[in-house]
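Peer 1: Read off the chains here:
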Amino acid sequence: DTGVSQDPRHKITKRGQNVTFRCDPISEHNRLYWYRQTLGQGPEFLTYFQNEAQLEKSRLLSDRFSAERPKGSFSTLEIQRTEQGDSAMYLCASSFYRASNTEAFFGQGTRLTVV
Amino acid sequence: DQQVKQNSPSLSVQEGRISILNCDYTNSMFDYFLWYKKYPAEGPTFLISISSIKDKNEDGRFTVFLNKSAKHLSLHIVPSQPGDSAVYFCAASGAYGGATNKLIFGTGTLLAVQP
Numbered sequence: 008d009t010g011v012s013q014d015p016r017h018k019i020t021k022r023g024q025n026v027t028f029r030c031d032p033i034s035e036h037n038r039l040y041w042y043r044q045t046l047g048q049g050p051e052f053l054t055y056f057q058n059e060a061q062l063e064k065s066r067l068l069s070d071r072f073s074a075e076r077p078k079g080s081f082s083t084l085e086i087q088r089t090e091q092g093d094s095a096m097y098l099c100a101s102s103f104y105r106a107s108n109t110e111a112f113f114g115q116g117t118r119l120t121v122v
Numbered sequence: 404d405q406q407v408k409q410n411s412p413s414l415s416v417q418e419g420r421i422s423i424l425n426c427d428y429t430n431s432m433f434d435y436f437l438w439y440k441k442y443p444a445e446g447p448t449f450l451i452s453i454s455s456i457k458d459k460n461e462d463g464r465f466t467v468f469l470n471k472s473a474k475h476l477s478l479h480i481v482p483s484q485p486g487d488s489a490v491y492f493c494a495a496s497g498a499y500g501g502a503t504n505k506l507i508f509g510t511g512t513l514l515a516v517q518p
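Residue numbers (the numbering used here), protein chains in the order written: chain F, 8 to 122; chain G, 404 to 518.
You can trust all of the hints, since none of them are fake.
EDC-like cross-link-like pairs, simulated, lysine to aspartate or glutamate; straight-line CA separation at most 20 Å:
#1 471/G / 427/G
#2 18/F / 85/F
#3 18/F / 445/G
#4 64/F / 404/G
#5 408/G / 51/F
#6 78/F / 63/F
#7 457/G / 110/F
#8 459/G / 110/F
None of these hints come from the bench; they were simulated from the model.
Using the sequences provided together with the hints, build the complete structure.
Peer 2: Following this line, the structure appears as structure tokens:
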């Protein structure tokens, strides 16, 4: 395991459909983050987990979005009733939390297009 | 409210010369700063970081400078190479509100290194 893996890399869906993305973090990392990036912007924080506990959710994460990390390993991000405004790159990152700050390592992202 | 700002959307530099990318932040609670590099259709790649207790950190061709009083940091790349051409994101995090280590990103600067 050399990095964060995301699946699928690309997803095209019709408006109103549900989609689910998967993220496999670096194996020894206990923190897992989801970010969203739109054109011309930097990544925006959505939510994060420490082990299996979801500790923070951004106000960007509407009730149509849900994320899980059931066994503290991989995570899924589901978007229900997709809207065109959900079109973006969804990025997963992981890190090993310690008292001092540490860098997060990103996957290659899932590009979502809602048509 | 853009807490991390990269005011230069793009920068063009000749190969072999120095590239200087700038970043300003507004939140004085930020205490850890990172630079990421991003190629199209890929996730951000960690480059270098600096803690607020330092004013300089160097790693090979990359040096980050932090001026806390001015709430400003910069990334120097010397010498610049064509392979450095990418979008560079500045990010910040802080041990506030629970030490989440979530990253707040700027909007990025597109660096083009001309051969």
